[in-house]
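Since the structure of chain C is provided, determine the placement of chain E on it from the hints.
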Amino acid sequence: MNPASKTFSQTPGNISRVPYWAYTDPHLHTQELGRIFYGQHWSYVGLLAEIPNLGDFKKTQIGEREVIMVKDHVHPSQQGLDHGIRVVENRCAHRGVRFCQKTHGNQRSFVCPYHQWAYKLNGDLGGLPFKDGVEREGITQGGMPKDFDVKQHGLNRLKVEVLHGLVFATFDPQSPPLDQYLGPRIMPWLERIFKSRELTLLGYNRQRIPGNWKLMMENIKDPYHPGLLHTWFVTFGLWRADQRSRMIMDERGRHAVMVSQRNEGGDGAVTKGVTSFKPNMKLQDDRLLDIVQEPWWTIADPSKPTQTITPSVTMITLFPSLIIQQQVNSLSTRQIIPNGHGQFDFVWTHFGFKDDTPEMTRRRLRQANLFGPAGYVSADDGEVIEFSQAGFEQFNSDGLRGGETLCELGGREVAMTEHMVTETLIRGMYNYWREVMGHE
Amino acid sequence: MNENTPKPLNSSPLGQGDIAGIESLSTVQTLESEINRLNAQYARALDERLFDLWPEFFIPEGRYTVRSRENHERGLPLALLDLESQGMMRDRIYGVTQTIFHAPYYTRHVLSPTVLLGSTLVQPMSPSNALELKDPTLWVSSTSYAVFRTKPTQVSEVFNVGQYLDHWTRTEAGLKLFSRVCIFDTEMVLNSFIYPI
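Protein chains in written order, with the numbering used here: chain C, 1 to 440; chain E, 1 to 197.
Hints were generated in silico from the structure; no laboratory data involved.
It is possible that some hints are incorrect.
Capping the alpha-carbon separation at 25 Å, the derived lysine to any residue pairs in SDA-like fashion look like this [what the hints assert, rightly or not]: (1) C:K278 to E:I93; (2) E:K151 to C:L229; (3) C:K282 to E:G87; (4) C:K102 to E:G75; (5) C:K282 to E:K151; (6) E:K151 to C:G391; (7) C:K59 to E:L190; (8) E:K151 to E:P104.
Looking at chain C on its own, in the form it has when it is part of the complex (with noise of 0.2 Å):
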């Protein structure tokens, strides 16, 4: 068989199997990058709490690709119309230098270093010297030719759009709006964490993982593991398979919230042979679990109108490159950065709300100690990451492209479940992928 005619799956039709080329082939990434980070997909950039006054800037990546999301001046005719956030390409429209080096900023316009073309913050071209060349002895020497047009030359811009202080930005300008694009059923969890209220910025850890970066949304569509790797969650009840939970998806399987309500923790039956449960276990300085249940945590439970629903957790995921974490108190955005297609670089931006207590916002500090590359929750999945890529790269290093993971845990198709004992939003998400990839 020639390698490269390889279905998805080796089992034709099944869509719960994942063939570990999907993370082994360097030429697959690019076209992911082309069709999904490129394509028609809204990818995140960052929150409107991180450029809070005019010409405030963040530099971040879609993708492959260096963006630049900054505070613009909005037109008083456009009041209320404009939200004034630009995201522009890193590149310079004249030879393609990747501009902008600083992380963050401020900045009245951006200009190349190499030949001094000037942008205004909206991306346009302000000037460029010698546009009209130089005159020397009565004679105007160089300059750009008659017919060049400034406005042609500015950076590329991308589509923007702000959500309840989330700001998303698309390369390709026939994406659909993004309330469409995310849909009617993740929306309720977008607001409920979002919608009219103040963000404070609490700051960043960043992390290199070597590992495709699909692993990661995975990771984060997949209930199945954190009762079992994450001693923290199955002992003191903050994530095991006995909790009310509900798995939820767009129509196109592509984004997916796992919301559920903490228990006691302590034996039960889904701690019975589990090597990471410790049932004598206990914190000498236990402030870490000083957890406080939030008003906003309860809101009308969106498929059972008449009743209301109290998740103590939200693990939203938005295709292709965004995780929102709602874990107790502890509130991030964490991003995907790929990098190849055997590593990506993972961005937790964490915040709180503008009229958290000081002890609220301490409480928030400190359970980030359970999240992020060190925390005792997470660090592990970066592991888990790294070693199911070694597994894959291991198999495929005869190029033959075989080998396929399985994710049949609760069945072999794609559904909503009020339970978290399946796999079904990796499922769901592979569907979704297999469409965009055109792969059968």
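For chain E alone, coordinates are given in the frame of chain C:
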């Protein structure tokens, strides 16, 4: 800022000139040499996996923080690790040795000589945070560190580099850390950060 972190009062960027509360250069050198010795022991405790000894370098209410230089310089309070007592430090040791699944690795710390930056006084604490120190003077010092990581069958790699920004207090048991903030330059954590540094 963190409520437990005192602001340096009498300090100069390089520890030159008068440091209030210190009589002479030889007093500075004596303190620095005492800190150098403690730092060497601290590094050895971690590299030799004598983890039970690690919290003992701090006072019981001591603070251990690992924060990126980015957050530190921007005044953002988030840390990679932020432990507010010896109890939390012991919990961390239990956590990393018994609960976090990770690839095993050695650490190797290489520390610079310390520079005493100055002194400060413990700020009045809020009632919930009462802290009795025999001597309210805190000595502020900075020490550069490099931590190398070596995984089984792999070559050594630079894992984390930065400075310890420390506040030391004189106790009956000798000089102890009131707080240690590891401010790291390394913009990317190499996957996971397990052991204290």
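Structure versus earlier hints - violations, ascending order
Hint 5 is the one this structure does not satisfy, whereas the remaining hints hold.
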